[in-house]
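Asks: Below, each chain spelled out in residue letters.
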Amino acid sequence: MKKSGAEIFVESLRHEGVKTVFGLPGGVVLKIFDVLCQQKDIELVLTRHEQAAAHMAEGYAKATGKAGVVLVTSGPGMTNIVTGLADAYMDSVPLVAFTGQVSTNLIGNDAFQEADNVGISRPCTKHNVLVKNVADLAQTIKEAFYIATSGRPGPVLVDIPKDVSTDKAEFKYPDRVYLRGYNPTVTGNKHQIRQAAEAIMKAKKPVIYVGGGAIFANAADEVRELAEITQIPVTMTLMGLGSFPGTHPLSLGMLGMHGGYWTNMAMHHADLLIAVGARFDDRVTGKLSEFCPEARVVHIDIDPTSIKKTVHAHIPIVGDVKAVLHQLNVMLRSMDGNPAEVKSQRAAWLKQVEQWRNEHPLTYRQDDRVTKPQFVIEKLYQLTRHEAIVATDVGQHQMWAAQYFKGSKPRTWLTSGGLGTMGFGFPAAIGAQKAYPEKLVLCITSEGSFQMNLQELATVAEHKLPVKVALLNNGFHGMVRQWQDLFYEGRYSASYLGKIPDFVKLAEAYGILGLRAVKPDEVEPVIKEALKHKGPVLMDIHTDPYENCYPMIPAGGAHHEMMLEDPPELVNARKGGAHKRKVDEGEGVLPA
Amino acid sequence: MEHIISVLVENKFGVLARVAGLFSARGYNIESLSVAPTLDPTTSMITIVTVGDDRVIEQIMKQLNKVVEVLKVVDLTETHYLDRETALIKVHTKPEHRDEAIRIADIFRAKIVDSSPTTYTIEITGDVDKVEALINLLKPLGIKELIRTGRIAIARETTRTASPRREPALLKT
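Just so you know, the protein sequences line up as chains A and B, in that order. When we follow the numbering used here, the leftmost residue of the first sequence carries the number 1, and every step to the right adds one. When we follow the numbering used here, the leftmost residue of the second sequence carries the number 593, and every step to the right adds one.
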């Protein structure tokens, strides 16, 4: 029996095991939405803005490892998801976005709500396709899911014209995919892996540097095994957090621009760097010419373009991180040398790292007047008993969360790394909560980021998703203000947010619980009450507007050139009132 | 250094845009580009001439390989190869220059494919040096219009590697 394109679409999603679709309807996708509402297997989450649909799908994908699915209409529906596509592309998030398109006979005619969806999304998708014939639809969907989730994952866009959704064709879901030009390498080259193993055995000051690739490859066990049998300390990128327990004695925490002093010092002095599913982003490397000056580099990645892109790899290994680490661990175990010996060999290096850690640990000074943002994160970390899935937005609060919220498990840390998309956190948390209704999902955000997608409070209220939003309200685009204080003589150009809504009233307007903590001693009770509450909560926590995030490698600096606290010029300027402080003139909702 | 890269792709719409977009998005330069179907009508061959150091060329090769519809990427500059380009050159010909133009074309075994009382259109096919040499000789007569196809290239069969063709490394000297 022949089926319409819309029915084929829904059947194909069912075959792919899709349970949830995030989207928003419109003219050319009405047929698909009409079929969707007549079945029970796939739930549609109606978002209030398409951008949020894309970020929800990202949150869903990051938390589950399955492809997130987006369904939006043509024209503005599609252009509104571009940010989500670009974000997913940078952070290798498996996403399949279905966009409506005007009927094939109208394409190119500047029809109502027409946009060149494939053209616009080309540079920010792993792959994209315009389906011109309903007979190709099932095959295209199968390929889209395969491409999105295999190799280095990424977003795939499938553009479906209106007539393709209404035309009919025989439906048979293909059981396999054959793409002539796409065949990711999985197993690593044995010779290269042997070289890596030998380099590891010889190294005196090695560091393992893990990126988001290890999480998408489900390689956390292999990373831990490698670290433990070789006694090598592990640092993680922002995307890699959770791939190795943050509380493990071998954990160095996050590296790079706001990484630990001990972490970046270890990088700077390392003689061997084992990069695992990471891509040497500029926020990680700092000044390239002085990056890990003494280290040989082993680079394991499934994407050959990541290797030798910015940093030379002496031992490149293309392959799936899990498969390659398994091969490497087997080889290391078969090599000479017993564990006790390895341990003693590494003792001096680990002692040195410990010394750096003790010299300059992460630090802040909490008084009883103004709440420090780091204090809030620490409280959240303690009171959630480290069990939460955490989604963050972008900026200072994100870096503090990365520093103080020590993840223990993969897929519990959802953040926008590569693109640095403000507005990501709240919808991402909703996506994760949709995937795991029973788990505690925490969104750590700030008033700047939150206001970019706050309309999704309606989605949370409608679906009764118990997301706990901790909003660190400092009245500023904090990271921008920090850079202005440090590098632009305190001229706060467009970083002060002025009129900030009353977030408690805002939450109540959407019918959810709003709480506020203005003083430090109110923080803990508010968090406790939020965690006790069954439904969604928005916590408006007022924090110090002038707290800066340290350590910091200034742009263009190297790993050993960290700023550890406000420089004396800044402290003096503040004392003299040289830095313009609109906030102190009584505007905005800020701590007394 | 200049590289000639052959990219075998699936013959589908949008593939050229994807390949060209990859160059523009990453700041790589395209010196010349030519595309046409191969013997197998489901595939097309894109020949790209580009310039970059070893690191850039390695990235270009990898990035091209990453495109789903790209089937094969070969840097011909790493092998022995033949390259050809066709140009159509419309030259002004004053009465006293008409013989000179024919003589120059003859020397290069180029053909005069169109003639008007005041112009000749000359067709030349050859490697880049030959095409440019002809253009330089015709310049004093006054070139009215010029169109070049961009280069196409093909690897030599391995049994013929002893041919007198210059080594790739010497190309730019």
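Treat the hints as calculated values from the structure; they're not laboratory data. These numbers were taken from a predicted model, which means no experiment stands behind them. Using N, Cα and C, we set each Cβ at its ideal position, and we do this for glycine too. Heads up, a few of these hints could be off.
In silico contact screen, one side only, chain A against chain B (beta carbon under 10 Å); selected entries [unchecked claim]:
(1) K3
(2) L130
(3) N133
(4) H268
(5) D303
(6) K308
(7) H560
(8) M563
If you want a taste of the chain B side facing chain A, the calculated C-beta under 7 Å gives, among others [as the list claims (entries may be wrong)]:
(9) L608
(10) A612
(11) G613
(12) R618
(13) N621
(14) K658
(15) V660
(16) L729
Per the computed footprint, the stretches of chain B lying under chain A, defined by three or more beta-carbons under 8 Å from a beta-carbon of chain A, are [what the hints assert, rightly or not]:
(17) 643–655
(18) 661–667
Asks: Is the interface hint for R618 of chain B satisfied, with its Cβ closer than 7 Å to some Cβ of chain A?
Replies: 10 Å, violated
Asks: Let's test the interface hint: is any C-beta of chain A closer than 7 Å to that of G613 of chain B?
Replies: 6 Å, holds
Asks: Regarding the hint that H560 of chain A lies at the interface with chain B, is the smallest CB-CB distance below 10 Å?
Replies: 26 Å, violated
Asks: Against chain B, with CB atoms and a cut of 10 Å, does the hint on L130 of chain A hold up?
Replies: 7 Å, holds
Asks: Going by Cβ atoms only, is K308 of chain A closer than 10 Å to chain B?
Replies: Holds, because the Cβ-Cβ distance from K308 of chain A to chain B comes to roughly 6 Å (cut-off 10 Å).
Asks: N133 of chain A was flagged as interface toward chain B. Is the shortest Cβ-Cβ separation under 10 Å?
Replies: 13 Å, violated
Asks: Next item in the hint list is L608 of chain B. Is there a CB on chain A closer than 7 Å to its CB?
Replies: Because about 11 Å separates L608 of chain B from the closest Cβ in chain A, which is outside the 7 Å limit, the hint is violated.
Asks: Using 7 Å as the Cβ threshold, decide whether V660 of chain B counts as touching chain A.
Replies: 5 Å, holds
Asks: Between the stretch 661–667 of chain B and chain A, are there enough contacts, at least three residues with CB-CB distance under 8 Å, for the coverage claim to hold?
Replies: holds (count 3)
Asks: Can you take a look at whether the stretch 643–655 of chain B is actually covered by chain A? Rule is 3+ residues, C-beta closer than 8 Å.
Replies: As far as the stretch 643–655 of chain B goes, the hint holds, because 5 residues have Cβ atoms under 8 Å from chain A.
Asks: Can N621 of chain B be said to touch chain A, with a Cβ gap under 7 Å?
Replies: Violated. Min distance 17 Å.
Asks: Given D303 of chain A as an interface hint, is the shortest Cβ-Cβ distance to chain B below 10 Å?
Replies: 7 Å, holds
Hint violations for this structure: numbers 1, 3, 4, 7, 8, 9, 10, 12, 13 and 16, all remaining hints satisfied.
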